[in-house]
Every structure is written in C-alpha cells, then in structure tokens.
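Make a model of the complete structure from these sequences and hints.
Numbering (the numbering used here), first residue to last: 59 to 122.
Please keep in mind that the hints were generated in silico from the structure rather than gathered at the bench.
Careful, some of the hints might be misleading.
[Unchecked claim] Here are the simulated distance ranges between beta carbons:
id : residue 1 : residue 2 : range
1  : S72       : D108      : 47 to 57 Å
2  : A99       : P61       : 49 to 59 Å
3  : Y104      : I84       : 27 to 37 Å
4  : V106      : K69       : 53 to 63 Å
5  : D108      : G67       : 52 to 62 Å
6  : L65       : I103      : 50 to 60 Å
7  : Q97       : V77       : 24 to 34 Å
8  : F88       : E63       : 33 to 43 Å
9  : D75       : Q102      : 37 to 47 Å
10 : E83       : E63       : 20 to 30 Å
11 : V77       : L116      : 57 to 67 Å
12 : Y114      : F88       : 36 to 46 Å
13 : R111      : Q74       : 48 to 58 Å
14 : F62       : Y104      : 49 to 59 Å
Glycine is no exception: its CB is placed at the ideal position from the N, C-alpha and C atoms.
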Amino acid sequence: MTPFELLFGTKMKSYQDIVQLLDDEITAQFQQHRDALRQDANKQIYKVQDENRCTYNLRRGQTH
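So, in structure tokens, the structure goes:
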C-alpha cells in the first residue's frame with residue numbers, strides 16, 4: 059500500500075485517469091447537446107410539415 063492509500067483509503071488518480079474522466083464528461087455533454095438539437099429539429103420539421111399540410115388542404119376542394 060502506498061502512503062496515499064493509507065491516509066485516504068483510495069488510490070490516487072493519475073494524469074491518465076483525469077484525462078479519461080474529462081474526455082468521458084465532454085463526450086457525454088456533447089451527446090446530450092446533440093440529442094437536444096435533434097429533438098428541436100424534429101419539432102421544427104413536424105411544425106413545417108403540418109403548416110404545409112394545412113396550406114395544401116386549403117387549396118383543395120372537399121371530396122363528395
């Protein structure tokens with residue numbers, strides 16, 4: 059056991075561990091942001107499609 063482990067009861071984080079943790083956090087944030095953008099884009103697409111559908115239907119006659 060190292061002195062650090064005796065004092066704190068856990069292994070000391072190395073530079074590589076810290077870099078890996080930061081990379082994982084950045085990746086997770088990027089994915090969350092990307093998913094939010096996708097949801098917003100889907101909402102906008104459905105909104106425009108609905109508007110286009112309404113405009114199209116206004117110009118068509120009723121079926122008999």
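A range of 48 to 58 Å was offered for this pair. Does it hold for the Cβ distance of R111 and Q74? Since the Cβ atoms of R111 and Q74 sit about 55 Å apart, the hinted range of 48 to 58 Å holds.
Satisfaction of the hinted span 47 to 57 Å by the C-beta atoms belonging to S72 and D108: Because 54 Å falls inside the window, the suggested range holds.
For the hint 52 to 62 Å, verify it against the beta carbon of D108 and that of G67. Holds - the Cβ-Cβ distance for D108 and G67, about 59 Å, lies within 52 to 62 Å.
For the pair Q97 and V77, does the Cβ-Cβ distance stay inside 24 to 34 Å? holds (31 Å)
Outcome of range test on Cβ distance (D75, Q102; 37 to 47 Å): holds (41 Å)
Holds or violated: the 27 to 37 Å window for the beta-carbon distance between Y104 and I84? holds (31 Å)
When you take the CB atoms of V106 and K69, is the distance between them in 53 to 63 Å? Holds - the Cβ-Cβ distance for V106 and K69, about 54 Å, lies within 53 to 63 Å.
Whether the CB-CB distance between L65 and I103 falls inside 50 to 60 Å: The hint (50 to 60 Å, Cβ to Cβ) holds, given that L65 and I103 are roughly 57 Å apart.
Whether the CB-CB distance between E83 and E63 falls inside 20 to 30 Å: Holds, at about 25 Å.
Taking 57 to 67 Å as the stated bounds, is the beta-carbon spacing between V77 and L116 within them? holds (59 Å)
Taking the Cβ atom of Y114 and the Cβ atom of F88, is their distance within the range 36 to 46 Å? holds (38 Å)
Has the hinted range 33 to 43 Å been met by the Cβ atoms of F88 and E63? Given a distance of about 34 Å, which is inside 33 to 43 Å, the answer is holds.
In this structure, none of the earlier numbered hints is contradicted; all agree with it.
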